[in-house]
Amino acid sequence: MMRADETGDAGLDSGRSVRARYRMLLSEDELAEMHKRFPYPRFSPAEYERRYANIRKLMSEHRLDCLLIIGGSAAYGRLWFNLRYVTNMMGKAEMATYCFFPREGDPALVTGPGHSLAGAMLARTVVRNVIVGKPSVLDSIVDEIKQRGYERGRIGIVEYDPYTSIPKNHWDFFTRNLPRAEFAFVTKEFIAMRLLKSAEEIEFLERSAELGDIGLCAMRDRVTAGMSEGEVFGIVHEAVMKAGGEMGMIQLASCSMLDPDINDQRPRPVARVIGDRDIINNELGIFYNGYEAQCGRPVLTGRPTAQYEAMFEVALEGYRRLVPTLYAGKSSEDSITAMEFIKDSEFELYGGFLQGMLGANPRHEPQIGFDRVQSSEDRFLFETDGRLVYRVGHVFTLQMHIVDKQHTRGVFLADFFAIEGHGPRCLNKLPLEMMRVKNQ
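Numbering follows my numbering, with no gaps: position 285 of the sequence shown is 285.
The hints are all genuine.
Once the Cα atoms are required to be at most 25 Å apart in a straight line, the calculated PhoX-like pairs of lysine-lysine come out as:
| id | residue 1 | residue 2 |
| --- | --- | --- |
| 1 | K438 | K242 |
| 2 | K242 | K429 |
| 3 | K242 | K92 |
| 4 | K134 | K92 |
| 5 | K168 | K92 |
| 6 | K134 | K146 |
| 7 | K242 | K36 |
| 8 | K188 | K330 |
| 9 | K188 | K168 |
| 10 | K343 | K405 |
| 11 | K168 | K134 |
| 12 | K343 | K330 |
| 13 | K146 | K57 |
| 14 | K146 | K168 |
| 15 | K188 | K57 |
| 16 | K36 | K92 |
I should point out that these hints are in silico values taken from the structure, not numbers from a laboratory.
Construct the complete structure from the given sequences, taking the supplied hints into account.
Spelled out as structure tokens, the structure:
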């Protein structure tokens with residue numbers, strides 16, 4: 001049910017005085033009924049208890065009175081990544097929604113009026129306490145902090161990711177209206193807390209991997225010469241959505257193997273018609289409740305040329321050398337050493353060969369590859385000696401993106417792995433081969 005809470009002068013920006021805000025207090029029965037009516041996938045109560053306990057441990061270690069966790073619509077929906085982890089919520093087209101997470105008591109979803117309050121949208125949430133920003137989300141956050149007595153406290157901010165912060169005007173508003181508070185950015189610590197996956201999280205990643213396989217098989221079974229590249233995108237979208245996936249990341253690129261001009265896939269189609277001896281490189285990261293396991297196989301409409309066969313053999317060799325390095329106790333150093341052979345070949349690796357895939361996070365921390373060694377984006381996850389030591393619960397997309405020296409030809413081969421007690425387990429099920437379309 002909804003009630004109006006008296007807040008006093010909560011919002012003082014631009015001379016405004018805000019006398020009310022709205023809080024939706026959903027009962028357990030109301031939440032259960034919404035979940036029944038709109039059955040989005042969601043984790044168990046025990047999984048959220050585990051997450052909340054870890055978050056409060058982090059807050060205690062950093063002496064935080066509360067966390068402000070932001071989420072929004074960008075980067076294939078990946079900027080909802082941290083907000084979804086805590087609330088299961090994602091909005092429609094909002095650029096910034098917050099979770100207010102206090103050191104004691106239940107977290108609250110803080111959103112604006114409108115789309116997010118529609119039943120089919122709000123049904124995603126596992127959080128019963130929903131604060132509706134009137135007139136703004138920022139006013140309501142400041143008011144909540146003051147009502148809790150945290151305006152002189154230490155407030156943690158969890159950004160979209162360590163290199164994509166909250167909007168500047170949000171920062172200005174918080175610091176202007178909470179001048180005695182101490183703010184601390186704890187995004188890196190929050191991401192590090194999420195690094196090792198629970199059994200439930202790996203189950204959701206298995207479902208994402210299955211959806212990726214479905215998208216690949218749909219291309220193999222339905223693509224024909226004469227289709228537009230846009231139709232190929234449509235085939236994948238239709239297949240994975242019908243199977244219960246979210247939009248996620250779908251990247252494709254086609255060219256003639258006889259006259260190649262691409263080495264990388266892209267997120268939008270061009271006005272090109274598929275030929276009878278084409279390669280369609282693809283990289284699929286189909287979300288399942290915000291979890292993304294990437295995969296890829298070259299899809300061919302005809303017999304591969306000798307150059308493409310040679311490139312794929314190098315991709316296979318790299319894949320087979322890399323998998324044995326993914327055991328608990330081994331490290332990124334072992335993986336980099338295993339890939340050294342490619343430097344002596346006539347081809348190159350394009351980008352990294354291991355991506356951490358924390359959930360559906362914007363930058364895939366941690367990343368491992370020849371060109372990632374000096375990257376500052378995810379070094380906070382590595383040991384002081386520069387290595388990432390693998391542990392049970394780590395997950396990676398293993399990707400072999402092999403290109404020629406001219407960067408005109410490329411093949412992309414990828415699967416998703418979880419590191420378990422007995423070793424690495426591939427969550428994808430398709431054979432390691434270039435996929436020939438059936439209708440050619």
